[in-house]
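> Model the full assembly from the supplied sequences, consistent with the hints where possible.
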Amino acid sequence: MTGKHSAGILLFRQPPGSGPEVLLGHMGGPYWAGRDARAWSVPKGEYEPGAEEPEAAARREFAEELGLPPPDGPLLPLGSVRQSGGKEVTVWAVAGDLDPDRVVPGTFEMEWPRGSGRLRRFPEVDRVAWWDLDRARELVVAAQGAFLDRLAEHLAG
Numbered sequence: 001m002t003g004k005h006s007a008g009i010l011l012f013r014q015p016p017g018s019g020p021e022v023l024l025g026h027m028g029g030p031y032w033a034g035r036d037a038r039a040w041s042v043p044k045g046e047y048e049p050g051a052e053e054p055e056a057a058a059r060r061e062f063a064e065e066l067g068l069p070p071p072d073g074p075l076l077p078l079g080s081v082r083q084s085g086g087k088e089v090t091v092w093a094v095a096g097d098l099d100p101d102r103v104v105p106g107t108f109e110m111e112w113p114r115g116s117g118r119l120r121r122f123p124e125v126d127r128v129a130w131w132d133l134d135r136a137r138e139l140v141v142a143a144q145g146a147f148l149d150r151l152a153e154h155l156a157g
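By this note's numbering, the letter at position 120 of the sequence shown is numbered 120, and the numbering carries on one by one without gaps.
It is worth saying that the hints were derived from the structure and are not from the lab.
Computed beta-carbon distance windows for the label pairs:
| # | residue 1 | residue 2 | range |
| --- | --- | --- | --- |
| 1 | ASP134 | ARG114 | 34 to 42 Å |
| 2 | GLY85 | ALA156 | 26 to 34 Å |
| 3 | GLU55 | GLY86 | 16 to 24 Å |
| 4 | LEU119 | GLY17 | 44 to 52 Å |
| 5 | ASP149 | PRO74 | 14 to 22 Å |
| 6 | GLN14 | SER80 | 22 to 30 Å |
| 7 | ARG120 | ASP36 | 17 to 25 Å |
| 8 | GLU109 | HIS154 | 35 to 43 Å |
| 9 | PRO113 | PRO15 | 36 to 44 Å |
Ideal Cβ placement from N, Cα and C applies to all residues, glycine included.
Next comes the structure, spelled out in structure tokens:
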């Protein structure tokens, strides 16, 4: 994965009487099916630097992964992190609301079972949910926890 780049949008809301919540997607496909901890992610996807701007890729990938356009509103840059596999992920946050039941995830194709020669189609994300920041930190891919911390810092003022 070294040298790959992804961009995404972290949707957040602040329900009355509680702390902020973020929308995360559980990664689809057979590798993630039985996992919960560290199997959730900011809606994101790969882009080719120089061929596409990261912010445009983040908007495109949000729509592709969730089947819904990203909400209007100012994007808050949360910077970049390097995940354990080497991929650099850049994320923006935007305030908004989204009903997880309206999500129609995009799909990808892969050989499964591995070595079988059969291609199968899987959802990019197999479920989407709102999480408070503490629970989200337990579920999200480890490196992406930095985005939650940066969002919390911004919201705290």
